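2 protein chains.
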Amino acid sequence: MALKFEILKKSGKSRLGKLYTKHGEVNTPAFMPVGTCGTVKAMMPESVALAGAEILLGNTYHLMLRPGADLVEKMGGLHKFMNWDKPILTDSGGFQVMSLSSLRKISEEGVEFKSHVDGKKFFLSPEESIKIQHKLDSNITMAFDECTPYPSPYEKCASSMKLSMRWAERSKKAFVDRNGYGIFGIQQGNVFKDLREQSAEALRKIGFDGYAIGGLAIGEGQEKMFEVLDYAPSMLPEDKPRYLMGVGRPDDIVGAVLRGVDMFDCVMPTRSGRTSQAFTKYGTINIRNARHRQDPRPLEEGCDCPLCTHYSRAYIHHLQKCQEVLAVMLLSWHNVRYYERLMQGIREALAKDTLDDFVSEFYANQQKGDIEPL
Amino acid sequence: MALKFEILKKSGKSRLGKLYTKHGEVNTPAFMPVGTCGTVKAMMPESVALAGAEILLGNTYHLMLRPGADLVEKMGGLHKFMNWDKPILTDSGGFQVMSLSSLRKISEEGVEFKSHVDGKKFFLSPEESIKIQHKLDSNITMAFDECTPYPSPYEKCASSMKLSMRWAERSKKAFVDRNGYGIFGIQQGNVFKDLREQSAEALRKIGFDGYAIGGLAIGEGQEKMFEVLDYAPSMLPEDKPRYLMGVGRPDDIVGAVLRGVDMFDCVMPTRSGRTSQAFTKYGTINIRNARHRQDPRPLEEGCDCPLCTHYSRAYIHHLQKCQEVLAVMLLSWHNVRYYERLMQGIREALAKDTLDDFVSEFYANQQKGDIEPL
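Chains as they are written, first to last, in my numbering: chain A, 10 to 383; chain B, 10 to 383.
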């Protein structure tokens, strides 16, 4: 196999693992910050690494529009272009074509769509998506798929899933095997168990380096999502990494790890950084709130990010009020660090066989809420 | 004297010096990046220091409005509040009251004005300005002054200058002398030589730790400014630092150093960073320009900033097109680094008695213009 994955330890359905790529190792369960346009928004790549990220997600859809895959390839690939020498996973563009572009025409061959940037027409097929991801030099290529919204009728989900499975086969065929690179298939089927099983079976038959659970976190809510996650991961091969796409909030991630998921990505830490929202072990706080105006205390006691080490809540509140870029820079860094510390905590607990304690404490702290105002 | 200044070497009118403050030394000629609202826009303070800055300028006007001097004092002063442990100079607020606020009422006592943020009324006098600067814990306090626009009639410049000199005396009286802290007087007189001389005489009589040349770079153009700088610096005490406020472009700075100026501040490096303009030894370039789209070369060959070390012009062009914050972060860093490298070059040339060569090469390079497109 082109992408080696080791499971080091198990606890219930949860797994402590390690993924080996050409650009280094990824300890799992892992969280991938999202670098949509070739940058994790408002962060230097050095800071993303310092925050603990071992792998990034890049968006095929955005990068094919700007600056274009050919240019990235000419510049030596995405790692070099964006100055990130650790592993990169790229999505296939399928999800963004559905959610961002306009005037889509889906056929067996692929999807024709108009760019959300300038209205220019583009075409994506499994072959084209894989080719682009190769040009980006992505360590983990995702199969091209279609994703149904929630809720969608059973028949629609069934036919969409089947199309995605035919595309998965074409994706695998188009993928060029290289050492330290791999391709993941994506399970679809919306919230229907039998469709998820059919999808998993189709993917297993094709054979992938890892398996994603797609089509969740699209409005179904955590309860419904966990219902699917109660069965979906175990339908996928035990010895391969399982990746829950686009998830999620910290408690989504903890719940999904307990259900056997190994990898996550989400824009939430950086997007929240741009709306003054911070994740802390006592839940989220919004630094815009007037109660922080004179507060000399750090955002989160015990956090080792630059924001919590060097600055008061009062300062970040002030920056935010003056619409200073530094507020976004520091909050994004803190939030990514929060997510990566959460994953480190999970991995350490798995290593020490104390995951249950870790999870109880996590929920207890989250419910406590932020420290008292001064 | 509360603020020690040494002149280590002279070359023509230019001086190599060192200023000692409670928060460390400043090698002169020095450039001070501007941290208007308690942050050098889009830069971590660590990056500002890495870029070579040894002292920052903070704006009394902006900080008194937001978050307020009392809050900054309560948070341990501006150094601690903004996580910058090196020297800070604060302006007096006089210039911003004139240029930013509305509904000003000037009297002998001081200036009543409305905040440009929320229209709230404020009052600034010499005593109030100095008190605020003390609360900010500024290492170099500036005397409170009034500044005439360009052009202004002689009589108006004369009476304004005289008011500023009476305010300078009150400022000095209000200043609390402490070791490692000092106060600078500000020479006014617009472009009139006799007024500049009268102003210098008044300031010398009061006695300051340093002397600023105010009321320039307000639209009179470089030629006119250099005419004033041909005589103004030598009117000020030889053994004290001379600071040209709000200047300027790289060639303004080089010209002013040749005329005996030791200190500078300007928003240009960071403001330009927000409009995609970069300073290089071959002049300015705008990275938005389409000719950079596929250019794998660094912005400036030989520059040691992160932008030039790790990224291509093509990447910065791409970031800028996608309106990514990282473009502003990297360009601001590069520009501040450019300014600080210029000052380092000037200081090294002064130390080696090669300032003439340095200046000739500087102008020759600037005229060469940017490298050829690919």
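Because the hints were derived from the structure by calculation, they are not lab data.
The structure displayed is predicted, hence computed values, not measured ones.
Hints should not be assumed to be uniformly reliable.
Since the list can't tell identical chains apart, any single copy or any two copies may satisfy a pair.
[Said to hold, decoys possible] Below, simulated DSBU-like cross-link-like pairs (lysine-lysine); rule was C-alpha separation at most 35 Å, straight line:
#	residue 1	residue 2
1	Lys95	Lys290
2	Lys13	Lys129
3	Lys89	Lys31
4	Lys377	Lys182
We went through each hint and held it up to the structure:
1. Taking the closest pair of Cα atoms, Lys95 and Lys290 come within 35 Å of each other both inside a single copy (27 Å) and across two copies (33 Å).
2. Proximity of Lys13 and Lys129 under a CA criterion of 35 Å is satisfied in neither setting, with 39 Å inside one chain copy and 64 Å between copies.
3. For the identical chains of this complex, Lys89 and Lys31 are intra-copy neighbours only, at 14 Å inside a copy versus 43 Å across copies, given an alpha-carbon limit of 35 Å.
4. For the identical chains of this complex, Lys377 and Lys182 are neighbours neither inside a copy (51 Å) nor across copies (53 Å), given an alpha-carbon limit of 35 Å.
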